[in-house]
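There are 2 protein chains.
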Amino acid sequence: MATIKDIANKLGIAVSTVSKGLNGASDISDEMRQLVLDTAVEMGYASKKMKASGSRKVCIFIENMDYENIEQFGYEIIVGFKLAAARRHWDVNVVPTNLNMQTAEKFDSYMLKNGYSGAFLLGFTLHDDWVQQLNKTSVPTVLLDNYIERNNHIGYVGTDNYEGIDLAVSHLYSLGHKKIAFLNGSKNSMVSEQRQQSFITSMEKHGLEVNEDLIEYGYYVPDCAKDYVPGFVKHGATAIMCASDLIATGVITELHKLGLKVPEDVSVIGFDDLPIASQLTPSLTTIRQDRTDLGKSAFLLLDGLVHNVTISKLLLRAKFIQRESTGPCKN
Amino acid sequence: MATIKDIANKLGIAVSTVSKGLNGASDISDEMRQLVLDTAVEMGYASKKMKASGSRKVCIFIENMDYENIEQFGYEIIVGFKLAAARRHWDVNVVPTNLNMQTAEKFDSYMLKNGYSGAFLLGFTLHDDWVQQLNKTSVPTVLLDNYIERNNHIGYVGTDNYEGIDLAVSHLYSLGHKKIAFLNGSKNSMVSEQRQQSFITSMEKHGLEVNEDLIEYGYYVPDCAKDYVPGFVKHGATAIMCASDLIATGVITELHKLGLKVPEDVSVIGFDDLPIASQLTPSLTTIRQDRTDLGKSAFLLLDGLVHNVTISKLLLRAKFIQRESTGPCKN
Numbered sequence: 001m002a003t004i005k006d007i008a009n010k011l012g013i014a015v016s017t018v019s020k021g022l023n024g025a026s027d028i029s030d031e032m033r034q035l036v037l038d039t040a041v042e043m044g045y046a047s048k049k050m051k052a053s054g055s056r057k058v059c060i061f062i063e064n065m066d067y068e069n070i071e072q073f074g075y076e077i078i079v080g081f082k083l084a085a086a087r088r089h090w091d092v093n094v095v096p097t098n099l100n101m102q103t104a105e106k107f108d109s110y111m112l113k114n115g116y117s118g119a120f121l122l123g124f125t126l127h128d129d130w131v132q133q134l135n136k137t138s139v140p141t142v143l144l145d146n147y148i149e150r151n152n153h154i155g156y157v158g159t160d161n162y163e164g165i166d167l168a169v170s171h172l173y174s175l176g177h178k179k180i181a182f183l184n185g186s187k188n189s190m191v192s193e194q195r196q197q198s199f200i201t202s203m204e205k206h207g208l209e210v211n212e213d214l215i216e217y218g219y220y221v222p223d224c225a226k227d228y229v230p231g232f233v234k235h236g237a238t239a240i241m242c243a244s245d246l247i248a249t250g251v252i253t254e255l256h257k258l259g260l261k262v263p264e265d266v267s268v269i270g271f272d273d274l275p276i277a278s279q280l281t282p283s284l285t286t287i288r289q290d291r292t293d294l295g296k297s298a299f300l301l302l303d304g305l306v307h308n309v310t311i312s313k314l315l316l317r318a319k320f321i322q323r324e325s326t327g328p329c330k331n
Numbered sequence: 001m002a003t004i005k006d007i008a009n010k011l012g013i014a015v016s017t018v019s020k021g022l023n024g025a026s027d028i029s030d031e032m033r034q035l036v037l038d039t040a041v042e043m044g045y046a047s048k049k050m051k052a053s054g055s056r057k058v059c060i061f062i063e064n065m066d067y068e069n070i071e072q073f074g075y076e077i078i079v080g081f082k083l084a085a086a087r088r089h090w091d092v093n094v095v096p097t098n099l100n101m102q103t104a105e106k107f108d109s110y111m112l113k114n115g116y117s118g119a120f121l122l123g124f125t126l127h128d129d130w131v132q133q134l135n136k137t138s139v140p141t142v143l144l145d146n147y148i149e150r151n152n153h154i155g156y157v158g159t160d161n162y163e164g165i166d167l168a169v170s171h172l173y174s175l176g177h178k179k180i181a182f183l184n185g186s187k188n189s190m191v192s193e194q195r196q197q198s199f200i201t202s203m204e205k206h207g208l209e210v211n212e213d214l215i216e217y218g219y220y221v222p223d224c225a226k227d228y229v230p231g232f233v234k235h236g237a238t239a240i241m242c243a244s245d246l247i248a249t250g251v252i253t254e255l256h257k258l259g260l261k262v263p264e265d266v267s268v269i270g271f272d273d274l275p276i277a278s279q280l281t282p283s284l285t286t287i288r289q290d291r292t293d294l295g296k297s298a299f300l301l302l303d304g305l306v307h308n309v310t311i312s313k314l315l316l317r318a319k320f321i322q323r324e325s326t327g328p329c330k331n
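Going line by line, the protein sequences match chains P and U.
Each residue of the first sequence is one higher than the one before, counting from 1 in UniProt numbering.
Each residue of the second sequence is one higher than the one before, counting from 1 in UniProt numbering.
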């Protein structure tokens, strides 16, 4: 493993300058600091802070996901992670990120500069610069709902989407529904693709016809419902499975606008079990993702990676929560 | 949750008799003891021992798998599990099982009688009585290489078979091999089915023809090679991917019998990276399952289940180990 001296030799500068660069001292230029960091990363340098087993410091990076209050998806994930980390006396920083920040600095350099031993990335997509850099990183990193092939330093944590969607389809099937529509979240998301495939597999498993007019990709926001609900109704859907509770709130609003009652005319199921699910009228039948446990499991996984236990995937059970938005099919 | 008194009331017997039944006392009949245990399980009784958070006792049940010395597949898995358990001061018993034992007593009754808080099952198949009973158990249980749907108390630990097989196919592809045969392990095993599907998917991903004459299920023993290797050779295979190192040893022996050299005439890849892989002539290129980490991860998972973190699947990375049994394709 490279030492500070190796980096100094390679760049032909003083050891003290390298040390300043690594520690973010202000009396060297930004360019020199960046050059030192990038060279250190390239040479596989890891600081004492990163390797320290006593009190480690790790970082949760978050984007495209709300997390400030308990109503929001990210909140309990972060709580769960912090709870598990506290038990091992690890420090956790939460850092909101954006594309600019990712363009400005490479992931590995950012981690090295700040002495982080590992990271948990929430809400990132495969298009993010930092996610693309994860193919080659040696910094232990856990991704929520995204998977990186062939890098032993990266793990994926999430909920078992197949079982979740299958629980929902089974429930609707048991209520007599045959024409079940699926309003998915955004395309180009691994989770959406898994849910799409799971829906088709589960419909076939139950001997139900997979009708392309009843399957659509939308977005993970309520507003997308207005573009698809009228079409689903026109094609005879008696139940609508939604890829998130937020989408389901939009679907219920649209059904009401069309003069249809939930669940008397159309049953609706969500996914996530956010606090809003129990507050809606009618309250929402949904598939629960246990977010506190997702956070705890992300920590377990990161702890494993830091100790060279190369966990690739850790999936939690999805849980079926029956409420009032689903009922027997009358058609 | 049921108490000893509830059980006594239900059976119309004295509390002291229930207590004797639960503690395995010898001054009541076998039938009465069994009745007490089965009733306790049915009523959801959990003993103080099972719930104790101080010093828990868990059990590794093992069958159809050798584990007595380091050459064998189960050895390091058990070591890894025990290492992780010791760090949390949990006691671990290793209990070899067989079909008779499973017929004689139900899984839940066995666990209750012995005060185990959880179990790790190695080498079981979906046909085992105890595995079939796992659909309904509430005893935290981890299975190696088997998955139980819809029970939040059960977890599955294993190696990412898709990535493992894909690493092997990629390697052979990069050496110019196109006619790649696959000698799988036993049918009716979840792992064999995953590897079969992974092989087909990976071949297609690499633009290679999937030839049914070159794909066979065998058994996880060297001896099965003699039934399939001549056919593979006849159909022009230049490389043989094996579902285990033991199968690969049989394949190499058969190739030698046919007057073919490894890797000059036919390349061979194993799976597992048992100690024997590096001792063979030629030494065996293989896909490594890190067995110590499988054991450690099984404990992590069980610890999660005991604390109601409902982990469903935990998969480890498969690792490509290049040795001498693979070489460039000359055809």
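Worth flagging that the hints you see were computed from the coordinates, not collected in a lab.
A quick note: this is a predicted structure, and the numbers were derived from the prediction, not measured.
Hints may contain errors.
Intra- or inter-copy, both count: the list cannot distinguish identical chains.
Listed next, the in silico DSS-like pairs over lysine-lysine satisfying Cα-Cα at most 25 Å (straight line) [as the list claims (entries may be wrong)]: (1) Lys-226 <-> Lys-106; (2) Lys-136 <-> Lys-319; (3) Lys-136 <-> Lys-205; (4) Lys-113 <-> Lys-257; (5) Lys-136 <-> Lys-113; (6) Lys-313 <-> Lys-113; (7) Lys-82 <-> Lys-313; (8) Lys-205 <-> Lys-113; (9) Lys-113 <-> Lys-187; (10) Lys-82 <-> Lys-226; (11) Lys-330 <-> Lys-261; (12) Lys-261 <-> Lys-106.
In ascending order, which of the hints set out earlier in this document are inconsistent with the structure?
Hints 1, 4, 6, 8, 9, 10 and 12 contradicted; others consistent.
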